[in-house]
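**Q** Here the protein sequences come in this chain order: A and B. The first sequence begins at 0 in numbering that gives the first Met the number 0 and counts up one residue at a time. The second sequence begins at 0 in numbering that gives the first Met the number 0 and counts up one residue at a time.
Simulated from the structure, these hints should not be mistaken for lab results. A virtual CB, placed ideally from N, CA and C, is assigned to each residue, including glycine. Do not rely on the hints blindly, as some may be mistaken.
Calculated from the model, a selection of chain A residues having no Cβ within reach of chain B, i.e. all distances over 10 angstroms [unchecked claim]:
1) L389
2) K440
3) D515
Derived pair list, reagent style SDA-like, types lysine to any residue, alpha-carbon separation capped at 20 angstroms [as the list claims (entries may be wrong)]:
4) K132(A) to R217(B)
5) K223(A) to D189(A)
6) K132(A) to R191(B)
7) K132(A) to L188(B)
8) K440(A) to R470(A)
9) K132(A) to L194(B)
With beta-carbon atoms standing in for the labels, derived distance ranges [stated by the list, open to error]:
10) D392(A) to H112(B): 42 to 52 angstroms
11) A14(B) to S181(A): 36 to 46 angstroms
12) W319(B) to R393(A): 38 to 48 angstroms
Below, each chain spelled out in residue letters.
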Amino acid sequence: MSREQNGAAGAPAVPRTRGRPDPVSDILIELRDIEKRFVGVRALDQVSLAIRRGQIHCLAGENGSGKSTIIKIMSGVYGPDAGQILVDGVPVARLDPIAAIRHGIEVIYQDFSLFGNLTVAENLALGHELREKRRLVDWRAVRTLARRAIDRLGVEIDLAADLETLPTSGKQLVAIARALMSDPRLLIMDEPTTALTRREVETLFRVVREIQRQGIAVLFVSHKMREMLEISEWLTVIRNGRKVAEGETGRFDEASITRHMTGQDLSGEPYRWRPAADGKPPRLDVRGLVLPGDTGGTDFKLEAGEIVGLAGLLGSGRTELALALFGMVPGHGGQVLIDGVPVRLSTVQEAIARGIAYVPEDRLTEGLFLAQSIERNILVAAYDRVTRGLMLDRARARALAAETVAAMQIATPSLDKPVGQLSGGNAQRVVIGRWLMTDAKVLILNGPTVGVDVGSKAEIHRKLRELAQTRGLAVLMISDDLPELAQNCNRILLMHRGRLVGEVAGGEASEASVSDMLRRLS
Amino acid sequence: MSLRIFHRSEAVIAAVLLLAMILIGLVNPAFWQLDNLFGLIRSNVVIGIMALGVLMVLISGGIDVSFPAFAVAAMYLTIRAMLALGYDGVVLPFVMATLIGAALGAVNAAFVHYVRVIPLIVTLGTGAMVRGFLLGMVGASQINIDRMPKPLIAFARSELVGIGNGDGTHYGLTAMVVLYGALALAVHLVLRYTLVGRSIYALGGDAEAARRVGFDLRRTTFFVYGAAGALAGFAGLLHSSMIWLANPRDFAGLELDVIAAVVLGGASIFGGRGSVLGTLLGVFMLVMVNNSLIIMKIDTTWQRVVVGAIVIVATAMTAWRDRKRRI
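Can you build the whole structure from these sequences, using the hints too?
**A** In structure tokens:
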């Protein structure tokens, strides 16, 4: 197991890598006993970290654990309050962003900082042209430069395409290629796999290994355990601003990383559901649902208290199915019954009135009003329940919102805080909490924990189980995260090309069989 | 892919323009007569030069509705100064009008960059103030042909081609179109081949990313609004020289026509997209539609309806295009 490090002990740790010799010159950058405070809050407490040349190093931690602060100190955005930064074994007095780049440290932020309206080639070349202090653009040189940068990754991207026509994974490759153009020695990648499909993650990893082969170190910042274990050689875990564990990646497993990241053991109980013997009709009964432009129907049932997974590759029609049930695909055929009563679901209003709730894939753009308060975001689907005559009953609205915040355990000092300032996990609880107020009977979640850290993820899962059991909700969970489905669903439906093609029972064993089936389908 | 050319907005605009010309020609064969075409081109010059400035502002993600006021101020101040001093040249007055426009544009840039007021509000305000100051402090009286500086009129009357009719009347292609063409080429070269030009696209694409990659956005903002003001100032004096009249109340409502023309030419109202070629086509289309409405004896009030509709339809089409690209 990993070596526990007591943050207060303060002895700088010099990690060892896989039996290689251990000369000091092997270390590219080292943080020693770094402290950083923000208005009295201690963000980093005596953190020490060393990255070797050409090492793939993973920095793991939950949201708010101090990961971003470490990135910003390494890239010179913040100066530490105490501690030392050594580059090539030499203490650096002041590391500002320009000095960091000169030392060969490049960061790829989550938003990539690219220009959608410019071509791939120009996106790649702009920084270089600016550094050369050019006044005129030599388009031939731009193309040559861009071609070289892309070739270095060993991938194929159309240089003449406008960047915004590329998928997220393509944009990320462009961002990586651009960062490599200044010949860095350390590439820091902040949550690089968040928006990628499994296949895109594999491409990314191939590129990361290629970068490593060129002698460049990569600091991979993530909270996805599986990916850290797969890609990295060395792992550092931080929690609440302290380093809590480090070591060769091979010495960790998912459970131990989770324990270090959260400081607790998270329950590994799969979800069990027993049919009630009351003979009630199923909560949701879908018969021969046909989407426009599709042939063949979809049939399935959800009983009260069930949590059913819906797995399938991207483009399998999962999202379309969910949207049709939420009244967003007018013109679908077939029959839908809720509690045994046939319903029409041709508008969102009808779907909500019949008790269907939907948590969209991209909560930031589709699910939340980021600049608005928590209260308003929670009440937005239920304002008709807090009216008195023509007016809003403000006191009642506030009481209901407060109730939901408590029920969903949303961590916030105030109901008036804009949702945009909440962490991913808390924001997702707001979206789910919203539907508790509409007497939802069927809750459809599309990627319920994308971009949510492990601790919050477990909380959300626990909450969903509780809702299913106590309120008799039927939950349909769409996810790319197979372990998540296996863990939380009593059965998993498989979708391919708009059809349900299989069903497996939940539990640990199902993960392998689902991934097998998916692989065969692709 | 043979149809790839139609992925470029310019090709689509050119096709629509050609179709519209054929239709108008069918309704009214006089459209194709040389004197009508020369007249059309002449009407392109002033609006077109202003449109070049607005194009840069739109690409940068901003908007400018103050330029007609700046054009009037530059024109009227310059001519009043010429009259007061008895100055008889051509080059210096145009330099002065251009500089007045640039200086006023810099005021817009300062508010946009330092105070971070949204460009629509800034330029609404500065435009109104400049018009007010001009009428209140400089004067509201029109300068007619009898007092207009003769060299300006003579300059603006120069023609590339002159054709006399048998009956003693005369028509020709104004030489001002050369100025328009030269300015258009200059703006095209700046946008395409200089880093300042590329920084305008970058700013309009993503301001934060532009800052991170290392562009000096202050310089870009001042360049964009300054150039828009300068082009407007230049166009203002040119306009007055071409119509032999300096009216301090001129250009009212012109911002709509010019913005309509630029958007019609494929520039995105959200920034980041637009080209000089498209703008030239857009200006030509707008002027042609206005001109045809006049030929068809449709009341001028209805022309405003048409221009307004053009803005909405063209903006909707570019918005639709941009949405499609993003998917």
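**Q** Hints first: check each against the structure and report whether it holds.
**A** Going down the list of hints, with the structure as the test:
{"no.": "1", "hint": "L389", "verdict": "holds (34 angstroms)"}
{"no.": "2", "hint": "K440", "verdict": "holds (33 angstroms)"}
{"no.": "3", "hint": "D515", "verdict": "holds (32 angstroms)"}
{"no.": "4", "hint": "K132(A) to R217(B)", "verdict": "holds (17 angstroms)"}
{"no.": "5", "hint": "K223(A) to D189(A)", "verdict": "holds (12 angstroms)"}
{"no.": "6", "hint": "K132(A) to R191(B)", "verdict": "holds (17 angstroms)"}
{"no.": "7", "hint": "K132(A) to L188(B)", "verdict": "holds (18 angstroms)"}
{"no.": "8", "hint": "K440(A) to R470(A)", "verdict": "holds (8 angstroms)"}
{"no.": "9", "hint": "K132(A) to L194(B)", "verdict": "holds (9 angstroms)"}
{"no.": "10", "hint": "D392(A) to H112(B): 42 to 52 angstroms", "verdict": "holds (46 angstroms)"}
{"no.": "11", "hint": "A14(B) to S181(A): 36 to 46 angstroms", "verdict": "holds (44 angstroms)"}
{"no.": "12", "hint": "W319(B) to R393(A): 38 to 48 angstroms", "verdict": "holds (41 angstroms)"}
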